[in-house]
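*Asks:* Listed here are the chains, written in short residue letters.
There are 4 protein chains.
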Amino acid sequence: MSDQQTTLHDLKLRMAEFVRARDWEQFHTPKNLSMSIAIEAAELMEHFQWLTVEQSRNLAPEALDDIGEELADIVIYALSLSNFLNLDLADTVLRKMAKNERKYPAEQVRGKSHKYTYYQDKSGQE
Amino acid sequence: MSDQQTTLHDLKLRMAEFVRARDWEQFHTPKNLSMSIAIEAAELMEHFQWLTVEQSRNLAPEALDDIGEELADIVIYALSLSNFLNLDLADTVLRKMAKNERKYPAEQVRGKSHKYTYYQDKSGQE
Amino acid sequence: MSDQQTTLHDLKLRMAEFVRARDWEQFHTPKNLSMSIAIEAAELMEHFQWLTVEQSRNLAPEALDDIGEELADIVIYALSLSNFLNLDLADTVLRKMAKNERKYPAEQVRGKSHKYTYYQDKSGQE
Amino acid sequence: MSDQQTTLHDLKLRMAEFVRARDWEQFHTPKNLSMSIAIEAAELMEHFQWLTVEQSRNLAPEALDDIGEELADIVIYALSLSNFLNLDLADTVLRKMAKNERKYPAEQVRGKSHKYTYYQDKSGQE
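Chains as they are written, first to last, in our numbering: chain A, 8 to 133; chain B, 8 to 133; chain C, 8 to 133; chain D, 8 to 133.
These are computed hints drawn from the structure, not numbers from a lab.
Note that CB positions come from ideal geometry on N, CA and C, so glycine has one too.
Keep in mind that the hints are not guaranteed to be accurate.
What the hints assert, rightly or not - Here are the simulated lysine to aspartate or glutamate pairs, EDC-like style, with alpha carbons at most 20 Å apart:
| no. | chain 1 | residue 1 | chain 2 | residue 2 |
| --- | --- | --- | --- | --- |
| 1 | C | Lys110 | D | Glu108 |
| 2 | B | Lys106 | A | Glu77 |
| 3 | D | Lys119 | A | Glu77 |
| 4 | D | Lys19 | C | Glu69 |
Claimed, not checked - Here are the simulated distance ranges between beta carbons:
| no. | chain 1 | residue 1 | chain 2 | residue 2 | range |
| --- | --- | --- | --- | --- | --- |
| 5 | A | Tyr111 | D | Ala67 | 47 to 53 Å |
| 6 | C | Arg27 | B | Glu108 | 47 to 53 Å |
| 7 | B | Gln115 | A | Gly118 | 18 to 24 Å |
| 8 | D | Asp73 | A | Glu108 | 49 to 55 Å |
| 9 | C | Glu108 | A | Ala113 | 19 to 25 Å |
| 10 | A | Lys119 | C | Tyr111 | 34 to 40 Å |
| 11 | D | Glu69 | A | Asn107 | 44 to 50 Å |
| 12 | C | Tyr111 | D | Ala67 | 52 to 58 Å |
Could you build the full structure based on these sequences and the hints that come with them?
*Replies:* Below you can see the structure in the form of structure tokens.
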């Protein structure tokens, strides 16, 4: 299967079956799942911990498999939390995207990051 | 749209357009996006920080909107990282799920969490 | 040495020497160190990921060494960031404590966590 | 007070009193405190989320107060966890530093970060 064919529903269903077959609903509570997502996010960060931002753009092909697995773990726990909360994840994501589009009008924020005031620009350019 | 109709491809495309329209590809690098996911995961955790695991099962309906938004932010950055890495996210997630299914055979792990040895069971039962 | 004898200055100095001897100042930048603290915090969380809050109160003695090491890693990176920022850490911590004391007057917050409205109290008691 | 005069014991004592006066020992459990450290670490990261590593070296003076407060919050929760676990924090940190010194011999790791294989060096130099 691929991104073109797989719906959020497909993934949520597969994850729900995985959890149910192991009687892990008792562990997959919102508090525990939020910790789990944060833990997997940290494992993802570990790959980039000492790299410059620029170096992180040029990852070795061998690194991609590991990085994909960490990203998958994050999504997996997000699916499980959606299942617990009975949340339509696609709808929730699309509504948040629409909110972000209004919050950050393209013409106003183009090419600017948010916290640009936090550092001293010594070059005259960002 | 809903989970039944929305593919990963739909969401990735919408996110790619959001980033491109703002010329934010320069910020949406793997290093920065891994931090972003971790930051949003922490905002999700904040809702459960002082709750017991049990209390986190019984969330007030008013809390669900906020929690959905935090979860959406995590997924949004995960989509953006998939875009950057040119990763088939559905495929990556499904392969990781298959790996987890082999790693944790249902009959062996049923009802057991992994780190059960870390606490002293004073009741004779978990 | 022990908590009674060791000052923050002692620890910061030891850490500064460790970093300098390895020529790691180039890596120990604020951005990287903030990631490092978050990564170590996640490793600490991993020990409690699937435990109830109550179970986390009753840790097996064997777990304490591992947990102490994760906590040490967090503090170590915090010391290194203090060194980079030329920050008087004791002073910074004591001022934040004083601020928290004013923000959370004992008589008003006694026995209450902050986000208590996030769950439905079904028992009539917290 | 300052880093030269303040011991870990001083800080732990002040924190223990803060928690006790509010009857917050019930919330300051290892599971919750590990989440709290991760949450504060994320708030620290937020300041550097979109900066390059280099930009994070040149912080605006106005940013330092905010950053100091986030770092203080991390240390504050680390102190509270040390109190809960009855841990000599200075001793734990110094033993971990000694372990790191053995693990990363200066002459072998000088100027090298650990995960240097994760990116493609296109310049012939790191």
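*Asks:* For each hint given before, does the structure comply? Return the numbers of the non-compliant ones in rising order.
*Replies:* When the structure is compared with the hints, numbers 1, 3, 4, 5, 7, 8, 9, 11 and 12 turn out to be violated.
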